[in-house]
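Colleague: As given, the protein sequences belong to chains E and G, one line each in that order. Following numbering that gives the first Met the number 0, the numbering of the first sequence begins with 0 at its first residue and continues without gaps. Following numbering that gives the first Met the number 0, the numbering of the second sequence begins with 0 at its first residue and continues without gaps.
Hints in this document: simulated from the structure, not taken from any laboratory. Any given hint could be a false lead.
As the list claims (entries may be wrong) - Each computed DSS-like pair below joins lysine-lysine, with the alpha-carbon atoms no more than 30 Å apart: (1) E/Lys139 to G/Lys343; (2) E/Lys139 to G/Lys344; (3) E/Lys107 to G/Lys152; (4) E/Lys53 to G/Lys134; (5) G/Lys343 to E/Lys107; (6) E/Lys107 to E/Lys139; (7) E/Lys139 to E/Lys53; (8) E/Lys198 to E/Lys139; (9) G/Lys344 to E/Lys198; (10) G/Lys134 to G/Lys257; (11) E/Lys6 to E/Lys107; (12) G/Lys257 to G/Lys152; (13) G/Lys335 to E/Lys149; (14) E/Lys27 to E/Lys107; (15) E/Lys170 to E/Lys27; (16) E/Lys198 to E/Lys170; (17) E/Lys139 to G/Lys134; (18) E/Lys27 to E/Lys139; (19) G/Lys344 to E/Lys107; (20) E/Lys149 to E/Lys139; (21) E/Lys107 to G/Lys335; (22) G/Lys23 to G/Lys343; (23) E/Lys149 to G/Lys134; (24) E/Lys198 to E/Lys107.
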Amino acid sequence: MPLLQAKNVTHYFGGLCAVSDFNLDLEKGELVGVIGPNGAGKTTVFNLITGVYKATEGEILFDGTPLVGMRPNRITSLGIARTFQNIRLWQELSVLDNVRIANYTQLKYGTFSSFFHSGNFAREEDRTIQEAMDLLAVFKLEDYADETSKNLPYGLQRRLEIARAMATHPKLLLLDEPAAGMNPNEIGLLMEFIQWIRKQFDLTIILIEHQMRLVMGICERLKVLDFGATIAEGLPVEIQNNPQVLEAYLGEGVEV
Amino acid sequence: MAASTQNPKRLQGLRNLWESLMQKRWLLPVLLGVGFVLSFAIPQFNLVNPYIQLIMMYVGINIILTTSLNLINGYMGEFSVGHAGFMSVGAYIAALLSTRVLPVEWIGWFFPFTVLIAGLGTALVGLVVAIPSFKTRGDYLAIVTLAFLMIVKSVIENIEAIGGPRGIPGIYRLTNLPWTFFWTLVAVWVIRNFIYSNFGRGVLSIREDEIASDLMSVNTRTVKLQAFVLSSFFAGVAGALFAHVLQFISPRVFDIVKSTDMLIMVYLGGIGSIAGSIVGATVYTVLLEVLRPLQVWRFVLMPLVLVLLMIYRPRGIMGLREFRWFIPSRDLFARKNWHANREKKEVSDATPAS
Numbered sequence: 000m001p002l003l004q005a006k007n008v009t010h011y012f013g014g015l016c017a018v019s020d021f022n023l024d025l026e027k028g029e030l031v032g033v034i035g036p037n038g039a040g041k042t043t044v045f046n047l048i049t050g051v052y053k054a055t056e057g058e059i060l061f062d063g064t065p066l067v068g069m070r071p072n073r074i075t076s077l078g079i080a081r082t083f084q085n086i087r088l089w090q091e092l093s094v095l096d097n098v099r100i101a102n103y104t105q106l107k108y109g110t111f112s113s114f115f116h117s118g119n120f121a122r123e124e125d126r127t128i129q130e131a132m133d134l135l136a137v138f139k140l141e142d143y144a145d146e147t148s149k150n151l152p153y154g155l156q157r158r159l160e161i162a163r164a165m166a167t168h169p170k171l172l173l174l175d176e177p178a179a180g181m182n183p184n185e186i187g188l189l190m191e192f193i194q195w196i197r198k199q200f201d202l203t204i205i206l207i208e209h210q211m212r213l214v215m216g217i218c219e220r221l222k223v224l225d226f227g228a229t230i231a232e233g234l235p236v237e238i239q240n241n242p243q244v245l246e247a248y249l250g251e252g253v254e255v
Numbered sequence: 000m001a002a003s004t005q006n007p008k009r010l011q012g013l014r015n016l017w018e019s020l021m022q023k024r025w026l027l028p029v030l031l032g033v034g035f036v037l038s039f040a041i042p043q044f045n046l047v048n049p050y051i052q053l054i055m056m057y058v059g060i061n062i063i064l065t066t067s068l069n070l071i072n073g074y075m076g077e078f079s080v081g082h083a084g085f086m087s088v089g090a091y092i093a094a095l096l097s098t099r100v101l102p103v104e105w106i107g108w109f110f111p112f113t114v115l116i117a118g119l120g121t122a123l124v125g126l127v128v129a130i131p132s133f134k135t136r137g138d139y140l141a142i143v144t145l146a147f148l149m150i151v152k153s154v155i156e157n158i159e160a161i162g163g164p165r166g167i168p169g170i171y172r173l174t175n176l177p178w179t180f181f182w183t184l185v186a187v188w189v190i191r192n193f194i195y196s197n198f199g200r201g202v203l204s205i206r207e208d209e210i211a212s213d214l215m216s217v218n219t220r221t222v223k224l225q226a227f228v229l230s231s232f233f234a235g236v237a238g239a240l241f242a243h244v245l246q247f248i249s250p251r252v253f254d255i256v257k258s259t260d261m262l263i264m265v266y267l268g269g270i271g272s273i274a275g276s277i278v279g280a281t282v283y284t285v286l287l288e289v290l291r292p293l294q295v296w297r298f299v300l301m302p303l304v305l306v307l308l309m310i311y312r313p314r315g316i317m318g319l320r321e322f323r324w325f326i327p328s329r330d331l332f333a334r335k336n337w338h339a340n341r342e343k344k345e346v347s348d349a350t351p352a353s
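Working from the sequences, and respecting the hints, build out all of it.
Modeller: Okay, here's the thing in structure tokens:
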């Protein structure tokens with residue numbers, strides 16, 4: 000059974016069709032890229048999977064569990080985490096808190112323990128600090144733990160966002176334009192980094208990206224969206240020579 | 000010239016002194032112990048005159064109100080103007096218990112339970128605002144809380160059985176300094192505990208970016224429910240204490256002006272800070288009394304102070320900052336402890352090899 004299955008997913012904003020008839024069978028361990036021009040509906044697909052929007056039509060199954068209509072926090076606790084196109088850290092909070100909060104479902108104590116710091120409060124809190132610090136160390140952010148997250152440099156904020164997503168213990172990671180605003184050198188490092196976390200955490204990844212070098216370099220399979228419709232899918236090499244894709248990106252009648 | 004170079008130096012000295020005081024964590028329990036003893040000693044031996052004792056009680060009540068309102072307006076980042084509504088619910092429950100329900104010989108010893116029941120009753124009413132908060136936020140939730148305040152006031156005004164617009168007179172003066180101190184301590188301690196917990200951090204994350212909270216597995220509904228219920232519980236407690244100081248309550252006591260007073264204390268002290276709530280409530284309450292000789296003019300001066308404060312310190316006195324005393328050492332030293340542990344581990348890992 001595929002890890003994530005999207006069947007004929009369609010979504011309308013008012014009268015506008017943002018995503019139409021989106022299908023995806025994602026096997027465990029795959030790294031799939033979703034590309035397409037601006038406004039093609041790529042981020043909407045992520046929002047549909049993670050429950051920010053409720054799909055107008057169609058079905059999304061994660062490990063066999065239907066996701067449509069489920070609240071986003073439940074979907075995340077099932078094992079789907081994401082990052083955002085424009086960084087959405089909790090800016091005024093510390094780096095440690097950013098990671099700890101994403102560990103929310105792992106803490107097993109009730110309301111009254113939180114009022115009086117009683118019961119297994121101490122044990123659980125100590126454990127989550129340990130886990131969060133260990134995770135930060137994996138991402139080489141441990142020295143910034145007390146820093147307010149908005150004060151981090153841009154590259155570290157991007158890294159922290161991935162660390163935060165990992166704190167939710169995901170099986171599937173959705174990366175929304177992780178290379179936005181990076182220079183070619185940094186993109187090279189990011190490629191290695193994505194490969195590395197994929198292996199380290201045994202992840203399945205869907206990647207939205209404009210940087211062709213990144214997409215072609217690491218994705219095993221690509222889907223191309225344009226105006227909400229899937230216009231092509233296949234291996235990176237096939238996509239590169241697909242006339243419809245070239246048309247979507249460069250316009251009609253372009254000779255390459 | 001000499002003065003201008005000396006002043007920053009003196010300020011620096013003060014700051015260093017403050018810092019070193021804050022480092023001494025044992026000072027807080029000592030101070031609280033002294034406060035507790037004083038709260039008994041002051042009325043017993045009349046150490047200060049009754050008027051000042053009264054103001055001290057108002058300071059305590061206002062600290063409870065400000066801290067609990069700060070949970071919603073400061074930590075969660077919503078804008079509630081309905082806190083006086085919750086306070087009135089608590090005040091009425093407690094006043095009715097004391098004047099109508101309980102037999103006279105019970106009233107005295109039952110007072111702590113009266114306050115507790117008032118708090119619990121108000122907490123239930125807190126759900127009325129918590130549930131709309133699932134769907135609404137920002138300005139719209141502010142309107143919901145405003146509507147709530149108006150409904151509470153109208154309902155009380157129209158029920159003759161509880162005095163209607165005339166209110167409830169003849170409440171015994173049961174609130175004293177020790178009880179005020181006790182409840183203030185409980186309120187601050189519980190709210191501080193909640194904030195430094197998994198759920199409290201969830202509340203903070205809602206202020207920063209609610210969609211990100213949802214998507215990072217925080218159950219925002221649970222967390223909002225807890226925050227509203229906790230906040231209204233202590234508003235009810237404050238109301239109960241207030242009724243038993245004032246000895247007379249009527250719907251007019253708990254109108255929008257009362258809510259505005261609380262908002263001023265929260266934003267004066269600073270949002271998202273326990274220390275700020277305490278400082279804000281104390282400064283505002285004391286200043287209003289000190290400025291009493293100015294009569295009506297103090298209501299011109301106080302807002303002016305606020306305007307100036309917002310210009311020069313837009314986040315209030317302590318906005319988003321906290322006394323180190325109030326931060327659990329687990330959180331304060333998380334990074335340091337972790338590094339220390341790791342070094343220790345590295346050493347012990349290395350020992351057998353050498």
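Colleague: Hint by hint, note whether the structure agrees.
Modeller: Against the structure, the hints come out as follows:
1. E/Lys139 to G/Lys343: holds, 19 Å
2. E/Lys139 to G/Lys344: holds, 18 Å
3. E/Lys107 to G/Lys152: violated, 41 Å
4. E/Lys53 to G/Lys134: holds, 15 Å
5. G/Lys343 to E/Lys107: Roughly 28 Å separates the two Cα atoms, so the pair holds.
6. E/Lys107 to E/Lys139: With Cα atoms ~28 Å apart, E/Lys107 and E/Lys139 stay inside 30 Å; holds.
7. E/Lys139 to E/Lys53: Violated, at roughly 36 Å.
8. E/Lys198 to E/Lys139: holds, 17 Å
9. G/Lys344 to E/Lys198: holds, 26 Å
10. G/Lys134 to G/Lys257: With a Cα-Cα distance of about 27 Å, the restraint between G/Lys134 and G/Lys257 holds, given a limit of 30 Å.
11. E/Lys6 to E/Lys107: With a Cα-Cα distance of about 35 Å, the restraint between E/Lys6 and E/Lys107 is violated, given a limit of 30 Å.
12. G/Lys257 to G/Lys152: Given that 30 Å is the threshold and the Cα spacing comes to 12 Å, the pair holds.
13. G/Lys335 to E/Lys149: holds, 21 Å
14. E/Lys27 to E/Lys107: holds, 29 Å
15. E/Lys170 to E/Lys27: Within the cut-off at roughly 9 Å; holds.
16. E/Lys198 to E/Lys170: Measuring from Cα to Cα gives roughly 12 Å; hence the hint holds.
17. E/Lys139 to G/Lys134: Not OK: E/Lys139 and G/Lys134 at ~38 Å, beyond 30 Å, violated.
18. E/Lys27 to E/Lys139: holds, 27 Å
19. G/Lys344 to E/Lys107: holds, 27 Å
20. E/Lys149 to E/Lys139: Holds - the C-alpha atoms of E/Lys139 and E/Lys149 are around 17 Å apart, at most 30 Å.
21. E/Lys107 to G/Lys335: holds, 25 Å
22. G/Lys23 to G/Lys343: Between G/Lys23 and G/Lys343 the Cα gap is close to 26 Å, so the pair holds against 30 Å.
23. E/Lys149 to G/Lys134: holds, 28 Å
24. E/Lys198 to E/Lys107: Given pair E/Lys198, E/Lys107 holds - Cα atoms ~29 Å apart, limit 30 Å.
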